[in-house]
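Participant: Work out the full structure, taking the sequences as your base and the hints as a guide.
There are 2 protein chains.
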Amino acid sequence: MPPRPRRSYDQFCAAARALDAVGDRWTLLIVRELLLGPRRYTDLHADLPGVSTDVLASRLKDLEQSGLATRRRLPPPAAAYVYELTGRGRELTPVLRALAAWGAPELAERRPTDAVRAHWFALPLLDAVALEEGLVELSLEEGDFHVRRGSDGTVSYGDGPAPDEPDARMTLDAGTAVELGRGTLSVADGVRGGRIAVTGDGPLAKALRDG
Amino acid sequence: MPPRPRRSYDQFCAAARALDAVGDRWTLLIVRELLLGPRRYTDLHADLPGVSTDVLASRLKDLEQSGLATRRRLPPPAAAYVYELTGRGRELTPVLRALAAWGAPELAERRPTDAVRAHWFALPLLDAVALEEGLVELSLEEGDFHVRRGSDGTVSYGDGPAPDEPDARMTLDAGTAVELGRGTLSVADGVRGGRIAVTGDGPLAKALRDG
Numbered sequence: 001m002p003p004r005p006r007r008s009y010d011q012f013c014a015a016a017r018a019l020d021a022v023g024d025r026w027t028l029l030i031v032r033e034l035l036l037g038p039r040r041y042t043d044l045h046a047d048l049p050g051v052s053t054d055v056l057a058s059r060l061k062d063l064e065q066s067g068l069a070t071r072r073r074l075p076p077p078a079a080a081y082v083y084e085l086t087g088r089g090r091e092l093t094p095v096l097r098a099l100a101a102w103g104a105p106e107l108a109e110r111r112p113t114d115a116v117r118a119h120w121f122a123l124p125l126l127d128a129v130a131l132e133e134g135l136v137e138l139s140l141e142e143g144d145f146h147v148r149r150g151s152d153g154t155v156s157y158g159d160g161p162a163p164d165e166p167d168a169r170m171t172l173d174a175g176t177a178v179e180l181g182r183g184t185l186s187v188a189d190g191v192r193g194g195r196i197a198v199t200g201d202g203p204l205a206k207a208l209r210d211g
Numbered sequence: 001m002p003p004r005p006r007r008s009y010d011q012f013c014a015a016a017r018a019l020d021a022v023g024d025r026w027t028l029l030i031v032r033e034l035l036l037g038p039r040r041y042t043d044l045h046a047d048l049p050g051v052s053t054d055v056l057a058s059r060l061k062d063l064e065q066s067g068l069a070t071r072r073r074l075p076p077p078a079a080a081y082v083y084e085l086t087g088r089g090r091e092l093t094p095v096l097r098a099l100a101a102w103g104a105p106e107l108a109e110r111r112p113t114d115a116v117r118a119h120w121f122a123l124p125l126l127d128a129v130a131l132e133e134g135l136v137e138l139s140l141e142e143g144d145f146h147v148r149r150g151s152d153g154t155v156s157y158g159d160g161p162a163p164d165e166p167d168a169r170m171t172l173d174a175g176t177a178v179e180l181g182r183g184t185l186s187v188a189d190g191v192r193g194g195r196i197a198v199t200g201d202g203p204l205a206k207a208l209r210d211g
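So the sequences go chain by chain: A and B. So for the first sequence, UniProt numbering puts the first residue at 1; every next one is plus one. So for the second sequence, UniProt numbering puts the first residue at 1; every next one is plus one.
There could be a bad hint or two in this list.
Negatives, chain A to chain B, calculated, CB over 10 Å [to be verified]:
#, residue
1, Thr42
2, Asp54
3, Glu133
4, Arg149
5, Pro161
6, Ser186
7, Gly193
8, Gly202
Some but not every residue of chain B turned toward chain A, in silico, with C-beta under 8 Å [unchecked claim]:
#, residue
9, Tyr9
10, Asp10
11, Phe12
12, Ala16
13, Trp102
14, Gly181
Computed Cβ-Cβ distance ranges for the label pairs, DEER-style [stated by the list, open to error]:
#, chain 1, residue 1, chain 2, residue 2, range
15, A, Thr70, B, Gln65, 36 to 44 Å
16, B, Pro112, A, Gly202, 56 to 64 Å
17, A, Asp127, B, Pro163, 30 to 38 Å
18, B, Arg73, A, Thr154, 45 to 53 Å
Calculated from the structure, these hints are not laboratory results. All values reported here derive from a predicted model rather than from experimental measurement. Virtual Cβ for every residue (Gly too), placed ideally from N, Cα, C.
Facilitator: Printed below as a string of structure tokens:
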């Protein structure tokens with residue numbers, strides 16, 4: 001069966017072409033999850049509450065066909081399939097960061113129907129946290145995630161505790177994370193006010209504490 | 001009749017909240033058009049080929065309900081209704097710029113079914129053109145648009161010739177505009193290669209010619 005033709009805006013416009021590739025419902029949230037690194041289908045489904053398995057499978061196929069993600073089999077004993085972004089897929093990071101920066105003020109109200117995952121706080125927090133080269137582990141009541149700034153200035157993040165010894169550990173609650181993401185609170189002010197604990201001895205931990 | 005409830009991802013995530021507001025099909029392209037300034041419904045419809053009047057009206061209503069756009073009546077003799085972005089709506093500019101930057105390489109191929117408008121080239125070109133404070137008028141075979149950098153560094157653009165005497169005038173073709181948008185050609189190199197003509201005497205015209 002040939003791949004079904006994708007819907008297009010048929011506009012010779014860079015923004016419209018981008019939306020042809022990633023404008024379908026759920027697609028950019030799937031990219032948000034894949035920014036964490038290679039992920040199994042079941043993990044994607046668990047961290048995208050509300051998506052149907054049909055829609056998730058169809059969007060992943062679209063991402064593969066567009067060259068934005070690939071599927072590969074992990075070596076035994078895992079032997080599971082994982083999805084991961086291609087280089088072109090990772091280039092969507094600025095799009096997600098711009099959306100998160102714009103959407104941060106909309107988190108003023110937490111609704112009873114809202115799902116939440118700790119790593120969803122990563123995108124709006126990157127600027128506030130990845131101040132210097134190094135690895136920061138963040139712990140919220142909702143879980144842990146980590147943020148890394150490489151020597152070339154690129155910023156990435158992952159789910160769960162830091163895979164190596166982190167340069168700084170931050171403990172905070174979700175409300176404080178929201179304010180950091182909005183830019184209405186700095187890490188240093190959060191530390192001074194007792195809302196954020198930062199441990200670590202190196203320059204990154206110092207920069208976080210001192211602002 | 002109460003407003004119909006909007007669909008939400010129900011995720012306490014800044015990017016998901018942004019997509020709740022602007023993730024519906026066509027919405028960000030409507031914002032692209034409104035970034036030009038106040039626009040009449042008929043003009044919006046003309047510059048969004050492919051959108052149905054039902055969808056356009058519904059999306060405009062959603063933008064109003066979300067506080068991203070307003071509708072107002074122009075004073076006589078015009079007396080037409082125009083739609084325009086609110087401050088919060090204009091804050092979507094970085095989202096559209098990030099999408100356009102990502103989508104610019106997808107313009108390598110121009111398809112026979114593609115519609116085109118001159119001002120659609122503005123978003124990916126802003127960085128290349130708005131080098132200094134001032135007003136630039138750009139002329140393509142497809143039409144004219146203009147780009148302005150204010151004294152505070154904010155960049156805006158509009159359809160048609162510059163409303164005041166521009167500091168620089170640029171003439172180029174669509175293929176050259178695409179390369180500028182991708183960053184594979186600089187304005188100065190385009191001028192040296194005879195693909196771009198820049199007229200004007202001030203610092204902005206000089207910066208464009210000299211790079």
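Participant: With reference to the structure, classify each hint as holding or not holding.
Facilitator: Hints, one by one, checked against the model:
no., hint, verdict
1, Thr42, "holds, 18 Å"
2, Asp54, "holds, 17 Å"
3, Glu133, "holds, 24 Å"
4, Arg149, "holds, 20 Å"
5, Pro161, "holds, 20 Å"
6, Ser186, "holds, 18 Å"
7, Gly193, "holds, 22 Å"
8, Gly202, "holds, 29 Å"
9, Tyr9, "holds, 6 Å"
10, Asp10, "holds, 5 Å"
11, Phe12, "holds, 4 Å"
12, Ala16, "holds, 6 Å"
13, Trp102, "holds, 5 Å"
14, Gly181, "holds, 6 Å"
15, A:Thr70 <-> B:Gln65: 36 to 44 Å, "holds, 40 Å"
16, B:Pro112 <-> A:Gly202: 56 to 64 Å, "holds, 58 Å"
17, A:Asp127 <-> B:Pro163: 30 to 38 Å, "holds, 36 Å"
18, B:Arg73 <-> A:Thr154: 45 to 53 Å, "holds, 50 Å"
Violated hints: none; the structure is consistent with every hint.
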